[in-house]
Structure formats: C-alpha cells, structure tokens
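Sequence lines, in order, name chains A and B.
For the first sequence, the residue numbers in the numbering used here are 1 to 491.
For the second sequence, the residue numbers in the numbering used here are 1 to 624.
The hints are simulated quantities; they were obtained by calculation from the structure and are not laboratory data.
There's no promise every hint is true.
Here are the computed lysine to aspartate or glutamate pairs in the EDC-like style, where the Cα-Cα straight-line distance is at most 16 Å [what the hints assert, rightly or not]: (1) Lys161(B) to Glu441(A); (2) Lys161(B) to Asp112(B); (3) Lys109(B) to Asp467(B); (4) Lys109(B) to Asp28(B); (5) Lys528(B) to Asp455(B); (6) Lys161(B) to Glu365(A).
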Amino acid sequence: MVILVSLVVPAAVAVWLLTGGRGVSHRTANLLASAASVVTLAGVLFAVITRPTVDRAWVPSLGLRWQLAVDGISAPLLLLTAILGVGVVLHTLDRPPQGGTTAAFHACLLLVEFGALATFYARDAVLFFVAFELVLVPMWVLITRFGDPHDAAARADAGGRFVLYTAFGSTLMLVGILALVAKAGTSDLDVLAQGGGHGIPVGTQTLVAALLVAGLAVKVPVFPVHTWLPPAHTTAPTAGSVLLAAVLLKMGTYGLVRLPLASLPEGFAHVAPVLAVLGAVGILWGGLACLVERDLKRLVAYSSVAHMGFVVLGLSSGTRTGLQAALFANVAHGVVSALLFVVVGGLKERWGSADLETARAALREVTPRLGFALVVGLAASLGLPGLAGFWGEFLSVYAAWSPAADRPEGLFRALAVVGALGTVLAAAYALRVLRTVWAGERTAPRIEDSRDSEWDVIAVLVLAVLLLGIAPGPLLALTDDTVSTIIGAAP
Amino acid sequence: MSGTATRLVVLVPVVAALLGLLVARRADVRAARLLAVGAAVLAVLFALAEVVGVHGSSGARTVSSIPALAAGELRIPLQLQATTATATIALVVAVVGWAVQVFAGWYLKDDDRYGIFAATVSLFTAAMLLVVQSADLVLTLVGWEVMGWCSYLLIGHWSRKETARRAALKAFLVTRLADVGFVLGVVILAAGAGSTAYRRVVQSWAGTGCNDAGACTGPSTTLLNAAMVLLVIGILGKSGMVPFHDWLPDAMEGPTPASALIHAATMVAAGTFVLAQLFDVLAAADGARWLLALSTAVTMVYAAVLAFGQSDLKRLLAYSTLSQVALMLSALAVAPADDGPGAGVLHLYSHAFFKALLFLAIGWLSVTVGGTAAATMRGGVRGHLFIRPAMFVGLLSLAGVPPLVGFVSKEHVLDAAEAGIGAGEARAWLVLLAGLLTVALTAAYCMRAWIVLDDLGSADIERHDADTATVGVRTAVTVLTVLTVVGGLVVVTPLLDLGGHIGWLVALLSILLIVGAGLAVRSVAAGKDPAVRVVGARMPSFDAGLGVDRLYVALVARPVLALAHLVVFLDREVVDAYVRGAAAATRFGGTGGQRAHRGEVAASGLAWVVAGVVAVALAGVALW
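All chains should be modelled from the sequences, with the hints used to inform the complete structure.
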C-alpha cells in the first residue's frame with residue numbers, strides 16, 4: 001500500500017501539472033510538488049521499515065506481474081531517491097525555471113523520481129525495464145528545454161545524445177532481459193536470483209550477461225561508453241544534474257547487481273574481468289581528464305566516471321566485501337555528487353559560465369558558505385575518511401586485492417593498485433579546483449553567497465556526507481543480509 | 001574507567017572541532033578560543049586518567065569505539081586500545097595539542113579566520129590521538145588521512161598568499177602519493193589476516209602464537225615484504241623522508257602553531273608509532289627494513305646539512321625535524337626483534353617536547369621581532385626572561401646534551417643501532433655512522449642558531465617590555481621547558497616499554513662530537529652568522545632545498561599533466577568519434593533512404609517493412 005502511495009502520488013501530481021495545471025504559478029507548482037515529494041518520502045520511509053510487497057497480475061498471458069518490494073539493496077537507493085526528490089524540488093523554490101513552464105519543470109522532476117522509484121521497487125525484470133526507460137523522457141525534457149540558457153545547440157546535442165545513447169544501451173539490455181527471461185522461464189527477479197542461472201549453459205549465460213552488462217554500462221557509465229555524461233551534466237539545470245548523477249547513474253549499477261550479477265553469476269564471472277578492467281581504466285581516465293578540464297561542471301561529471309569506476313571494480317570482484325563496497329560507494333557517490341552539482345550549478349548561475357580559466361573572486365573570501373560546501377564535497381570526492389567517499393573506495397580496493405576464487409587474482413590485484421593510484425588523481429584534481437576557485441586573494445567580482453532554499457539543500461547534503469562518513473555502519477548493515485543472499489547463492 | 005577515558009580522549013577534540021566550525025564565523029573569537037582550549041585541557045585530563053587507569057591493569061586492553069562494520073568477508077572491528085605506551089604517547093600529544101591551542105589563541109588573535117584554525121587544530125589532534133590509540137588498521141588509516149587533510153588546511157591557512165596555497169597543495173599531494181603505498185600496505189596486511197585488527201594482523205603475519213614452526217604455514221615472505229615496503233613508503237611520505245622530503249620545509253608557510261603541531265607530536269612522527277605497533281611484522285620484513293634504513297640514514301644527514309645553511313630559522317627547525325624524525329624511524333629499521341620498538345617511540349616522545357618548545361619559542365620571538373629570517377632575529381632572545389631560557393633548553397635538547405630529554409632518547413636510538421650491529425645486521429652500521437654524523441651536524445646548527453639568536457646584536461629591552469604574550473602562552477612555554485629538562489626521567493618509570501638502554505661508549509663519543517662541533521662553529525663565527533661564513537653564496541640554493549622542487553615538477557607533475565592532455569584528446573577524438581560517427585552515419589543513411597523513397601510506389605515500402613519484421617523475428621528466434 002505505502003509502495004503504491006509513494007508511486008502514485010508523484011505520478012498523479014506530475015500528470016495533473018502537465019495537463020490541467022499547466023498554467024499554475026511557480027509558487028503553487030512548487031508547493032504542490034513539495035507536498036508530493038514529501039508524501040513520497042514518507043511512503044518510502046514507511047516502505048523501507050515495514051517492507052511490504054505488491055503483487056498483481058499485469059499481462060497474465062505473458063506471465064508479467066506488477067511485483068514491487070523492498071530489500072536491502074534497493075532500500076538505500078529508494079531513500080536516496082526520495083530524499084533528493086524533496087531536495088531538488090526545494091532547490092527549485094527560489095529559481096523559477098527558464099525555457100518552459102514551471103509546471104512542466106516540476107512535473108519532469110516528479111516523473112524522474114517516479115520512474116527511479118519504480119525501477120528500484122520492481123521485482124520483475126520486464127517491469128524493471130519499463131520503469132528504467134520511463135525516466136528518459138522527462139530527463140530529456142529537463143536537459144533540452146530547461147538546460148543551459150546560453151547555448152541552444154549544446155542543449156539539443158546533449159539531450160539528443162543522452163537519450164539516443166542510453167536508449168541504445170537499453171536496447172542491448174532489453175535483448176539481454178528477454179533472452180534471460182526466456183531461458184530461465186520467469187521474469188521474477190527473486191526467483192531468478194535464487195535460481196542463480198542453473199540449467200542455462202555457461203556459454204549462453206556469458207552471452208546474456210555480456211549483453212546485460214554492455215547495456216547497463218552505458219547508464220553507469222563505464223569507460224568507454226561514458227561520453228554522453230559530460231555534455232548532459234554541463235547543460236542540464238542544477239536539479240537535473242543532481243537527479244542525473246545521484247539517481248539515474250545508480251539505476252545502472254543497481255541493474256548490474258540485480259540482473260547479471262545476481263541472476264547469472266557464472267556468466268557474470270566471465271564478463272567480470274573485462275568489466276573490472278574498464279572500471280579501473282575509467283578511474284584513471286576520469287581522474288586524468290579532471291586534471292586539465294576547463295569547465296567545472298564537466299570536471300565534476302568526469303569525476304563521476306572515476307567514482308563509478310570504483311563501484312564497478314567492487315562489483316566485479318565477486319566477493320561480499322566487493323558488493324558491499326559497490327553498494328556503499330554507489331550511495332556515497334549519489335550524495336557527494338548531488339552536493340557538488342548543487343554547489344557547482346549555483347556557481348555557474350552566479351558566474352555566468354563554469355570556466356576555470358577566468359579569474360574570479362575566491363570563494364573563501366566572498367562566499368564562505370559555498371566555499372565550505374565545495375571543500376566538503378571535494379574532500380569527500382577524494383576519499384577523505386570521515387566523509388562519505390572513503391569507505392566504498394577503500395573496501396573496493398580491498399575487494400579487488402582479494403577477489404573471489406574464480407576471478408583471475410593477478411589481474412584484480414593490478415587493478416587494486418590502479419584504483420589506489422586513482423585516489424591520488426582525485427586528490428590532485430580536487431586540490432586543483434580548490435586552489436583556483438576557493439583559495440585566493442581576489443574579492444572581485446563579488447557574488448552572492450548561498451542562502452534560503454539553496455543553502456538548506458546544501459546543509460542537508462553536507463550533513464549526509466558527514467553522517468555516511470562517520471557512521472558507515474547502518475548503511476552497510478542495511479545491505480548486508482541481501483548481499484549475503486546474493487553472493488551466497490553463487491555456486 | 002580507562003576505556004571511557006580512551007574513547008573520550010579522541011572524542012572530545014572531535015566534538016570541539018565540529019562545534020568549533022559552528023562558532024568559527026562569529027566576530028567575537030572568545031567562544032572559539034574557549035572551546036578549543038577547554039577541549040584541549042579536557043583531552044589532557046582524560047589522557048592522564050587513561051595513563052593512571054592503564055597503569056593499574058596489566059597488558060593491552062581493547063576498547064570498542066563504533067560497532068564493527070559488516071563488510072562481507074573482511075572483519076573490521078574498529079577497536080581502540082589502551083596500553084601503557086599508547087596512553088603515554090596520547091598524553092604527550094594531548095599536552096602538545098594544548099600548548100599549541102593556547103599559543104594559537106594569542107598568536108592569531110588578530111586573524112579573521114582564527115576560529116577555523118582552532119577547529120582544524122582540534123581535529124588534527126583528534127586524528128593523531130586516534131592513530132596513537134587505534135587497534136585497527138582502518139582506524140589508523142582514518143586518522144592518518146584526516147591528519148593529511150588537516151595539514152593541507154593548516155599550511156594553506158593564509159590562503160591569500162600564493163606561496164601558502166602552493167605549499168599546502170604540495171604537502172598534500174606528495175603525502176597522498178606516498179599514501180597509495182600506505183593504503184595498499186594496509187589492504188595487503190588485512191587481506192592476509194582477514195581482519196583489520198592489529199592483534200590478528202600481527203598474529204597472522206609475524207606468526208606469533210605458533211608453537212611449532214613446521215606446523216605454521218607462514219605467509220609468503222614476498223607478500224610480507226611487499227606489504228611492509230608499501231607501508232613504509234607511505235610512512236616515508238608522511239614523515240618527509242627522502243625522496244618525499246621537500247614538502248615539509250615548504251610547509252613553513254603555515255602559521256607557526258600549525259608547524260609546531262605538525263612537527264612536534266603529530267603527522268610527521270605518526271609513522272613511527274604505526275610501525276611500532278606493527279614492529280613484529282616489520283622485523284620479519286627485511287626488505288622493508290632496508291628501505292627504511294637507507295632512506296632515514298640519507299635523510300638525517302642530508303637534512304642536518306641543509307638545516308645549517310638556511311637563511312630562515314623556522315626553516316632551520318623544519319629541516320631539523322626531518323633529521324630527528326629520520327633518527328626515530330631509523331631505530332625501527334635496525335633494532336633487533338627482541339628489543340622492540342622502544343627506542344624509536346622514546347625519541348618520538350622526547351622530540352615532541354623539545355620541538356614544540358622550539359617552535360612556540362620561535363613563533364613568540366617572531367611576533368616580537370617581526371619575522372623568522374636569521375637576519376631579523378639577530379640577538380632576538382637577549383634579555384628575554386622566557387624565550388631565552390626556553391630557546392636555550394630547546395636547542396641543547398635538540399643537540400642532545402645530557403641530561404636533557406633529547407640526549408636520553410638519542411642515545412637509545414644509537415644504542416638500538418649498536419644492538420643491531422651486534423645482531424649482525426649490515427644496515428645497522430649505516431644507521432650508526434649516519435647517526436653519529438648527524439649528532440655532530442645537529443650540534444653545529446644548534447650552535448649556529450644560538451649564536452644568531454643570542455650573541456649577535458644587543459638586547460632590546462624596550463621591545464621585550466612591549467611583549468603582549470598572555471599568561472597562557474608563558475605557562476605553555478614554561479611547561480614545555482620543564483618537560484624538556486626532566487622528561488628524560490621517563491626511562492626510570494614503567495611508562496614506556498624500552499628494550500634497550502644507553503650505551504655508554506657511544507654516549508661518550510657523541511658528547512665529544514657535540515662539544516667538538518659546537519666549538520668549531522663558535523670559532524668560525526667570530527662575530528658573524530656562522531652559516532654565512534661557511535655556506536656563503538650557496539645559501540639561496542640551500543634555501544631552495546637544492547632544487548628538489550623542480551625535480552618533482554619535472555618528473556611527476558609534468559608527465560602526469562601531459563598524460564591528462566592526451567586522455568582529453570583521446571576522449572574527444574577517439575572514444576567520442578564513434579558516437580559522432582554513428583550519428584553522422586545514421587543521418588547519411590536517413591538522407592539516402594529518403595532519396596530512395598521518392599517516386600516509389602507504396603507497395604515497395606511495405607515490402608521493406610515486411611522484410612524488417614522478418615529480420616527482427618529471425619533474430620529473436622535465433623536468440624530464443
């Protein structure tokens with residue numbers, strides 16, 4: 001019941017905003033969306049605590065069902081999505097969107113939230129796919145209609161690239177899902193996970209796992225299919241960037257865990273070394289690109305590629321530690337990148353561009369709050385212990401060093417070294433940004449410091465980054481049981 | 001009782017740091033100051049309580065901190081420990097932290113960012129206390145990295161200065177690069193033990209608690225050596241040993257209280273304590289010990305030479321830190337396995353007192369004379385009731401004159417080297433010779449500093465009368481002076497577990513060296529700065545650390561940046577080219593299709609659709 005509430009409310013409000021409520025004022029739209037997202041958050045909270053399930057027939061002839069539930073893997077992501085859902089709406093309060101009606105903007109935010117929640121709730125592979133795709137359209141609207149007002153061509157390019165690229169990935173995934181469902185004879189994700197791919201020949205398992213991994217890798221994104229991400233982030237409005245980094249990318253890693261890793265462990269074992277190598281390359285690639293990138297938003301986007309590299313590396317190791325690391329790093333990246341995008345997006349609004357070569361007033365001198373938030377965000381991004389980024393990355397390096405027995409040990413150990421080196425690159429680009437933007441003696445041109453709703457959102461995210469860093473225990477405990485089930489089920 | 005105290009010793013400064021952030025931006029700094037100093041006093045009291053509490057109980061005690069982490073196969077219990085040694089060193093750190101907080105409250109009284117500074121110092125102290133009391137590799141790593149980050153903030157405190165910004169960046173990046181080794185070392189050690197608890201790591205790697213040697217399938221020595229070499233690399237970085245040493249002198253761009261903290265009792269000395277915890281594992285890793293011995297032997301002599309030729313007395317102290325930390329680490333490289341790490345830890349203890357004293361004294365003096373350059377400080381301590389004796393005692397202790405604390409600990413280190421020679425280890429010779437050379441060089445630069453500060457120029461009583469130092473500052477400096485004088489008595493207490501003793505022959509030799517070097521410098525001086533006479537025109541290159549900075553840039557920074565440019569180029573022109581190419585090909589195909597359609601009858605279009613459907617169906621069947 002609560003699951004349905006948390007899905008129906010945002011969807012219904014979004015639909016009304018798109019149809020009947022197109023003319024409402026910014027305040028009204030925001031109030032409505034806030035109410036909807038808060039109700040959704042309450043519903044998700046309740047669902048995470050009580051763990052209800054929904055199971056209704058959908059297309060009986062195909063055996064498809066509305067099957068929704070919460071477990072240890074989806075719970076943190078559901079919470080993350082619902083909390084950020086409130087966050088982005090709140091963040092919009094003081095900045096009326098440009099490029100379209102405010103009702104459409106809010107509706108898109110709510111639809112993205114709805115689609116993401118449905119993706120994480122879904123316990124049916126086909127339902128998962130449908131929800132996964134549902135997010136694309138509102139996100140595309142956010143990028144092309146409400147994105148960077150300075151450059152219409154860039155908006156069109158970024159939006160088109162985002163949709164076509166990820167839709168291409170989804171096609172591969174769909175083929176993979178259909179093949180999986182056909183071979184296993186069920187589309188129930190729980191049954192698939194319990195079956196663990198028994199009865200499917202290893203060759204087919206590998207092929208299907210490769211299709212699924214390739215499709216989902218686009219969404220994560222894993223090197224070398226990451227090039228849609230930087231333009232999308234650069235042009236998207238701040239709220240869109242936050243959702244993109246903190247929610248959409250998570251759907252990719254979540255899919256990797258649910259589909260190939262849990263359902264086809266043997267096939268995934270064959271794909272994992274390749275995936276791990278790509279993840280490690282991504283860590284270096286993203287880190288290096290950040291060292292010379294001129295646009296601050298693109299820089300944060302490339303750093304996402306590096307961070308997701310750690311997640312993928314942990315996933316591929318095939319151990320419980322690795323999966324725990326990946327799930328933790330996933331959530332941590334969601335919070336940290338959300339914080340960074342709010343700050344960086346705010347800076348771009350104030351500066352008019354996000355070019356790092358332009359001389360500007362040092363944030364430490366003129367906007368201490370934004371400066372502080374940037375320091376916290378970048379420190380977390382470089383994996384400073386005591387902040388969110390550390391645990392996932394450390395455990396991921398550990399997991400790569402001692403992978404599961406069926407993984408090539410030498411290769412994974414080399415990748416562990418690469419991952420550790422990646423943290424130095426993270427430190428280097430974080431300090432590069434701090435040195436150019438945060439520290440300095442210039443106090444002109446003055447910009448306004450963060451306040452009101454923007455500051456509220458930043459403060460909550462800073463607190464979340466601190467909490468995850470100081471007390472990683474609860475989150476790790478939340479995922480522990482399910483992780484043991486998934487890895488334990490592997491033969 | 002001691003368990004609670006152990007937790008509070010770490011927790012109190014952490015809370016002070018967090019609360020400090022909240023009050024940091026108030027115009028009135030009294031709240032920030034009260035919080036910082038109050039927490040520091042509390043930490044000292046709790047550390048005292050811990051020392052008393054531990055003294056009653058026997059053996060090591062583990063104390064839980066936050067609940068163990070559910071990290072899959074790896075066990076991360078996250079426990080603290082309370083032993084006599086950890087409690088004693090924690091007390092030392094707390095005392096130095098208190099002195100620094102008190103001093104900073106006066107030194108930075110006009111600084112508009114004092115609040116942030118005080119909060120960072122609290123966090124820094126907490127991180128060091130965590131490293132000292134940690135019984136878990138991960139907790140050590142947490143404290144270790146947090147210290148690095150705090151050092152970045154403290155060194156770059158005056159961020160309006162370009163030199164400070166660069167020094168902060170350099171300090172963090174150099175140590176972070178070395179930390180790759182630390183992290184990997186921790187990972188390998190933990191992977192071998194399946195747990196990050198020190199006890200289990202030492203058990204499984206050093207093979208203790210294994211009665212029958214044949215039954216023990218010990219861990220591979222290659223892996224053991226690899227792990228410890230990596231760990232040692234991390235420690236060399238943080239401690240500023242060659243080849244990572246060049247960040248430390250530049251770190252003098254930070255406010256003096258920060259330098260006192262970083263140099264005296266925390267970051268640079270932390271590695272000694274970490275290795276002391278893992279001494280049984282280190283003792284089994286010959287390769288790592290060789291690396292440590294080589295690097296420390298080179299560093300102690302090299303840094304002492306450079307210290308002598310510095311035109312800035314604060315940088316002289318910075319190089320002396322390098323030299324002294326090399327000395328304490330070298331004890332761990334050569335001490336026989338049975339003797340344990342006591343000598344290194346003792347030097348850590350004594351260095352904390354006299355180095356904090358020297359930095360606070362020179363910081364105090366710099367406020368009254370207006371700078372730390374040797375030329376500015378000429379005759380600066382003359383007639384000053386507090387700074388003069390403080391500086392005198394500090395320099396004597398640094399030089400290792402008996403019976404001050406520096407003498408006691410230095411002789412223990414040299415004795416450890418002697419014992420290592422006795423155990424037939426070649427690297428012990430290296431360390432002993434380098435150590436004796438360092439003794440002479442240290443005496444030389446201490447004498448030089450004293451001549452500059454006291455002999456040259458005349459007393460400026462008016463200036464001393466205008467001294468605004470608070471009672472707190474005077475108390476802090478006095479306490480450190482007293483501890484520097486009587487601290488050596490610790491060897492007759494059971495507070496530190498010392499394996500060795502003072503070797504009288506070496507002691508006699510080093511006293512002769514000290515006296516000889518001191519007299520030689522004095523005779524060279526003849527009314528001028530001895531360094532000017534000896535080093536002369538080469539002083540700028542001494543100040544520049546012999547150009548190692550350029551080496552860092554040329555060997556590391558430039559190649560990495562070149563690679564980064566290559567990556568960006570490849571990202572745009574190769575990886576993304578396929579994507580753009582796909583888009584272009586589709587458009588081309590679309591245009592072609594459109595052309596082909598013109599003037600066609602509908603039936604042929606339908607045929608194409610049917611063909612497409614068949615193709616999709618075939619593909620589907622093939623996959624089914």
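query: Taking each numbered hint in turn, which are not upheld by the structure, reported in ascending numerical order?
result: Violated hints: none; all satisfied.
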